[in-house]
Amino acid sequence: MMPALRDNFILPISDYDLDSTLGCGQAFGWERDADGWTGAIKGRWVRLTSVCGGIKVQLAQTVRDLSWVTDYLQTNVNIREIIATFPKNDEQLRGAVKTCVGLRLVRQDPWECLASFILSSTKQIVQIRQIVCTLSERHGSSVIVPSGEKARFAFPTASQLAMLSEVDLRACRMGFRAPYLLAAARRTVSGEINLSAIGRMELSLAREELMKLDGVGEKIADCVLLFAYDFPTAFPVDVWVRRVLTQFYFHGRKVNNHRLRCFIEKHFGLNAGYAQQYLFHHVRMTSGKNLSATGLAPIS
DNA sequence: AACCAGGGAGCGT
DNA sequence: ACGCTCCATGGT
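Residue numbers (this note's numbering): 25 to 324.
What the hints contain is simulated information worked out from the structure, not anything from laboratory work. Check before you lean on any hint, since a few could be wrong.
[Stated by the list, open to error] SDA-like cross-link-like pairs, simulated, lysine to any residue; straight-line CA separation at most 25 Å: (1) K66 - N102; (2) K147 - N102; (3) K174 - G199; (4) K147 - Q271; (5) K66 - D31; (6) K243 - K174; (7) K112 - Y96; (8) K66 - K112; (9) K66 - Q271; (10) K147 - F200; (11) K174 - E190; (12) K80 - K112; (13) K122 - P134; (14) K112 - E232; (15) K174 - K112; (16) K66 - L219; (17) K236 - Q271; (18) K122 - T270; (19) K147 - G215.
[Stated by the list, open to error] DEER-style ranges, computed between Cβ atoms: (20) D89 - K278: 26 to 32 Å; (21) K290 - E242: 14 to 20 Å; (22) M235 - A195: 25 to 31 Å; (23) R88 - T123: 38 to 44 Å; (24) S183 - N281: 49 to 55 Å.
All values derive from a computational prediction rather than experimental measurement. No residue lacks a Cβ here, since even glycine has one placed at the ideal position from N, Cα and C.
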């Protein structure tokens, strides 16, 4: 029997915190208001609200198939099973997990994720959001929204960006990242870099492939591998993660990259990427720094 | 008003 | 392998 045509659903799920998941800097196209988050998945308008027992999903049009939403939100993932794969005797990590209950990883579109993270270098979360928003408004396709809702725009496709000029991109306030993004778009369109094929590669090869792109180093490659592709051991190391790793596991002494990667590989296990996300979120929340500029403070 | 944020390229060591 | 500077922008 076919499921009914509906434009709103409740996804029954526990341990899913929308605020930390959509606001923590893994995806940049979501907008928060008083009671929920609005964004677009695969060019379709979506509004998500935390309700008792799950997540309320509102759409602009009726659908039968919700798999594009559940795939994005990864609501089929059993987070307890993931956490159970973390190292048993790591009290520091356990503590981080405890302070971040409900933090999840979502599964993003590879191009949008790659482009967003090319834009992320040396930028704070609010600024990345700002750039993504401007870029989408000016160069992305408009999305069908329910009556009364404000206009929304999908993140521009590689083809949409490839035909622009560096000047057009710089006008979206992305500075020196403009030539990187433009080249990535053009090389994606030309097929020189094949984003679908990357998902089928072995992790280290996929990483090398992404790092062929100008403006994509280890950190950004790992973000794309973790947030867009199914590589649960990808482990992005930014300054925050490096900081928390040296504190927790190296007595605050500095470690070279090689030793750090060796440690990560042998310590965190099958779902290292999730562990990274908990450590990242935890250290940012507890660093004592003013997070108002990061977009995290008003969310939590 | 200088300085900071903070990833990657490109350099020199 | 390591360290340094620059990049563009917006916030403090």
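Checklist line | Index of numbered hints that the structure contradicts, given in increasing order | finding: 2, 3, 6, 7, 8, 9, 11, 12, 13, 14, 15, 17, 19, 20, 24
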